[in-house]
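Colleague: If you want the building blocks of each chain, they are given just below.
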Amino acid sequence: DAKTTQPPSMDCAEGRAANLPCNHSTISGNEYVYWYRQIHSQGPQYIIHGLKNNETNEMASLIITEDRKSSTLILPHATLRDTAVYYCIVSRVNTGFQKLVFGTGTRLLVSP
Amino acid sequence: NAGVTQTPKFQVLKTGQSMTLQCAQDMNHNSMYWYRQDPGMGLRLIYYSASEGTTDKGEVPNGYNVSRLNKREFSLRLESAAPSQTSVYFCASSEFRGEAFFGQGTRLTVV
Numbered sequence: 091d092a093k094t095t096q097p098p099s100m101d102c103a104e105g106r107a108a109n110l111p112c113n114h115s116t117i118s119g120n121e122y123v124y125w126y127r128q129i130h131s132q133g134p135q136y137i138i139h140g141l142k143n144n145e146t147n148e149m150a151s152l153i154i155t156e157d158r159k160s161s162t163l164i165l166p167h168a169t170l171r172d173t174a175v176y177y178c179i180v181s182r183v184n185t186g187f188q189k190l191v192f193g194t195g196t197r198l199l200v201s202p
Numbered sequence: 054n055a056g057v058t059q060t061p062k063f064q065v066l067k068t069g070q071s072m073t074l075q076c077a078q079d080m081n082h083n084s085m086y087w088y089r090q091d092p093g094m095g096l097r098l099i100y101y102s103a104s105e106g107t108t109d110k111g112e113v114p115n116g117y118n119v120s121r122l123n124k125r126e127f128s129l130r131l132e133s134a135a136p137s138q139t140s141v142y143f144c145a146s147s148e149f150r151g152e153a154f155f156g157q158g159t160r161l162t163v164v
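Chains as they are written, first to last, in this note's numbering: chain S, 91 to 202; chain G, 54 to 164.
The hints are simulated quantities; they were obtained by calculation from the structure and are not laboratory data. This list has only true hints and no planted wrong ones.
Below, computed lysine to aspartate or glutamate pairings styled on DMTMM-like, alpha-carbon distance capped at 25 Å:
1) S:K159 to S:E145
2) S:K189 to G:E152
3) S:K93 to G:D91
4) G:K62 to G:D79
5) S:K189 to G:E105
6) S:K93 to G:E148
7) S:K189 to G:E126
Take the sequences, apply the hints, and build the full model.
Modeller: The following block contains the structure:
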């Protein structure tokens, strides 16, 4: 599975958009980009995933560059509850399961 | 619909003791996983089960064994606990290419 690089920490003001970057320059054609977050010491929570097209759901938007070497997770209106560690993961499409390899992620602090 | 349930939530063991961490999911997922998370670190995969009847080693399998008891349940066993196994253990389940659901974790301390 391709490795990912994320900044260790970011700050965001409440109500503003949070843009979290991820570099995955060695991604291959059958690998998806997944984003999870971990609030305090809880179990990680799925946010969104994509292959090559931009994706949006009720939590966030995922923008993947055309060459697929990097992506950005966008939280459009960050709240204090979005303070968490955000993990960008690249995972190969397997025949029956999904193996997630977590790095150290980006610690996002949302402030009033 | 409880999702992924882990028991116990907290445990203190003495070095050399054994214990089994239990995990059950009610989403009819085929795949299940065990991760550990040490302070300030990301999650590391211990073992996984792609489907009922199969198990495979992850990144850090030494000192652990697993059993996929049925489609719902996936247990993690520490045969002889060591202080280096002090960690938070997370169980997860998923379907192919879909989102993975995680339990709330078991906080294990080995003294």
